[in-house]
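Protein chains: 2
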Amino acid sequence: MTSDFAETKKLFHLPEGVTYLDGNSLGPLPKAALARMERCMAQKWGEMVITGWNRAGWMAQPSALGDRLGWLIGAQPGHVVLGDTLSIKVYQALAAALDLVPDRRVILTDSGNFPTDIYMAEGLIKMLGRGHELRVVAPEDVADNVTDDVAVLMLTEVDYRTGRKHDMAALTKAAHEAGALTLWDLAHSAGALPVDVAGCGADFAVGCTYKYLNAGPGAPAFIYVAPRHIDSCKPALSGWLGHEAPFAFDLDYRPGTGIERMRVGTPPVLQMAALDAALDIWDEVDMQDVRRASIALTEQFIAGVEAACPMLTLASPRDADGRGSQVSFRFAEGYAAMQACIARNVIGDFRAPDIMRFGFTPLFIDAADVDKAIAVIADVMTNRLWDDQTYKTKAAVT
Amino acid sequence: MTSDFAETKKLFHLPEGVTYLDGNSLGPLPKAALARMERCMAQKWGEMVITGWNRAGWMAQPSALGDRLGWLIGAQPGHVVLGDTLSIKVYQALAAALDLVPDRRVILTDSGNFPTDIYMAEGLIKMLGRGHELRVVAPEDVADNVTDDVAVLMLTEVDYRTGRKHDMAALTKAAHEAGALTLWDLAHSAGALPVDVAGCGADFAVGCTYKYLNAGPGAPAFIYVAPRHIDSCKPALSGWLGHEAPFAFDLDYRPGTGIERMRVGTPPVLQMAALDAALDIWDEVDMQDVRRASIALTEQFIAGVEAACPMLTLASPRDADGRGSQVSFRFAEGYAAMQACIARNVIGDFRAPDIMRFGFTPLFIDAADVDKAIAVIADVMTNRLWDDQTYKTKAAVT
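If you're matching them up, the sequences are chains P and E in order. Counted from 1, the first sequence has number 358 at position 358 by my numbering; the numbering is strictly sequential. Counted from 1, the second sequence has number 30 at position 30 by my numbering; the numbering is strictly sequential.
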C-alpha cells in the first residue's frame, strides 16, 4: 500500500483559503460523509425505521467499526468497540483495570494527561471509596515512579499541549514488571502515528475518532481490551447492549462475549455513518507513510517558525521520535497571537497558559500549507502587534 | 396552541404503504432533519471546522436543547441537559441520588423497569461496595413497598412491555413521605403523554429522544435534576464538560454550575442536529391534544382488535388513564405473529416472552392507520397461520 496524500487531500472539504492546523482537535469533513449520512438518514432511518437495527446493521456497527479501526492502533479484529465518549471509556477501562489488581491502590498518571482522564479517575476513586490514590507526576518522571504499589499506569501517549510522546512499549513493560496494568489514552495517537497496542502488550486503550480520524464533532470513542483480560473484565457501566443477551430482557446482568461487554447503551447511528465514511480514507493509507510525512511537515514547520520568530519557544520535543503529530510553541501572549493567526486563516489552537498548538495531518496538509502557515505566523509575530522588547500585546490588538 | 395532526403527519417521512406502530421504539424521520443535518455538516463542520464549537453553538447545545425539550416533561429552562445514552444518565442520576441519602441502602424498583436501568443499578451497587440492595417488586406492588428503608425509588413511568403507567405524582409523594428520593425514567413518557416533573416534585428524571421525540437512532439522552438538589449533587461521572471551567484544563475537578455538571464528554453534534429538527415539530403541538388523540387511537385499536381477534389477550391496562401511548397483547406465538404483521406492512414489535406491542403516536398515526392495522392483524390472526385449537404456529409460517 502506498499513500498518495495529494489524492487523500481531495477527499476532504477544507474551507476556502484556510490552512487548517487543528485536525488534532477536530478533523475536517470527509466529502463522502455527506452522501453517507444522507443515505443513512433517508434510505435507512427513513425507509427501514426500526428494522434498520438489523437490516442496516446498526446494532452490529460498534464492533464492525471497531474492527475497521483496529489496525490503526495495532489491535486484531474483535478487540475494539465503539461508543460513548472518551470520558466514559476512560471510566470503564480504569474501573475494569482496578478490579483486576484488587490489592493495590495507586493510579499513576502525569500532569500531561488530558484533564478529563484525571477527572474521571477522581470520580471513580470517590465512588469506590476504597482509598485509591491518584498519583500525578511530571511527564518526564513517569518512568521513575512505576513502583510496586502502582495498580494502573494511566497515560495519554501524546501530550495534548506539548505533543511530547511517551515510550508506550517501554512504559508498558516497566508497568508489567512492577505488577501494574496499563491504560493508554490514544486520543492524539490514533491516526497520528503508528500504534501497536498488541505488540506493546497494552492492557487497556481508549481514544476518540473526531481528531485525526476525522469522524466529525461528537463522534464516538473507542475502547480496546487485551484479549488476555477480556473474559475476566467486569463492566462497571453494565448497560443492556453489553449484556450477553440484550433482547432477552432478563433482570440479571450477565456480561456479553469478548469486547461486546464494553458496550453500554444505544449506539449513535448517525455519528457512526460519518465515522464509516471517514474510515474509508484510512483504508487507503499506510501509517508508516503518514508518520514519515508527519515528521517531514513538523520538521519543516519547526525550522521555519524558529528562523522567523525568535520570540517563540518550542514547547514540543525537538527530536521527532519524541513527539506526536503536533508542534507547540510557548508565547506569553499566545492567546492573542493565535487569534491573530486565525483571523489570517491559519487555524491552530491555544492551550492555557501560553501554548500555541499546531496539528499536522498529512492526509490533507502538505508542505505548501506549512510554508503558508509559517509566513502568516511570522507576519503576526513581527508586524508590530507586539512590543519589541516585552512581546506584550499592544493595545491595538486587544 | 392547537395541534393539527394532519399537518404534523406531513412533516415525517413514512415508508410507502407502511403503518408504523413502532414510534415508541424508534420514531420516524422528520423530513426537515435531512436539510438540518446537511447544513450542520456542510456549512458548520465543513466551513467552520473547530470554530463551530463556539460559532455554531455546538458547545452550548446540550443545555439549549435541554431547555427546548424541558416543557415536554414539565421542567423549567436550566434544569435539563442532553448527552450520552439513557443507561449512562440512569447511572449518573442514581449515583447522585444515593449520595444524597447516605444512611439508607435500598433502591426500590419494579420488574417492569427497562432492564438496562436495573443493570446499571446492579453495576453501581457493585462499584459502591457498600451493601446497597436492589429491591425488585411487581409493578402493582410498588406503592406497598415504599418503606422507610428506601433510599431511592427508581421507576420507569410507563412499562415498556405492557404500557402500564405508574402514578408519578402519588408515588413521588409517597416516596418523599417515606424519606426517599425518586428517579423517573421517562423513555416511554416524553412526547407520549403530559409529564410534570416539577409539579410532581420528582427529584431526578432521565429519558431518551429517539422514541416518541423522533430524534433518530442513537439520539442523545436527557437528564433532569430538581433545582433543590442540583447544587449538592455530586457527579459520579465527572467529565471535563461538567467542569466549572472546562477550558482552564485544571487538574482538579470542580462541578459546573447547575445542570451543566451532569454533562460528561464531547456532545454528539450530528445527532443533535437531527434532534433540533425533531423538536421543531414539538414546538407546534400541545401535549394535552397529543394525549387526547393518543387515547382515542388506543381505544379504537383495543376495541377493533378485541372484536376481531379473540385469541389475543390485552396486556395493557383497559383504563386509558392507566396506560401510556402503547397497547400490548399477549399471544403465545407472538413473535411469529408480529413477523407476519411486519411482512404485511404493519410494524409493531415483540417483547419476550409473548408480548405484541403497538405504539400510538398521533403526530403521524391517525384513525385510518389504526383501521388498517386492525384489518391486517385480524387477517394474520385468522387466516389459518395458526392451528385453530392451539393457536400454535403451523409449519408454513416458520
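By construction, these hints were calculated from the structure, which means they are not laboratory data. Mixed in with the good hints, there may be bad ones.
Derived lysine-lysine pairs resembling DSBU-like cross-links, with alpha carbons at most 35 Å apart [what the hints assert, rightly or not]: (1) P:Lys173 with E:Lys126; (2) P:Lys126 with E:Lys234; (3) E:Lys31 with P:Lys9.
Pulled from the structure, derived: some chain P residues nowhere near chain E, Cβ distances all over 10 Å [to be verified]: (4) Asp22; (5) Arg130; (6) Arg291.
Here a beta-carbon is modelled for each residue, glycine too, at the ideal position from N, C-alpha and C.
Hint by hint, here is what the structure shows:
no., hint, verdict
1, P:Lys173 with E:Lys126, "holds, 31 Å"
2, P:Lys126 with E:Lys234, "holds, 10 Å"
3, E:Lys31 with P:Lys9, "holds, 33 Å"
4, Asp22, "violated, 5 Å"
5, Arg130, "violated, 7 Å"
6, Arg291, "holds, 23 Å"
In summary, the structure is inconsistent with hints 4 and 5 from the numbered list given earlier, while agreeing with the others.
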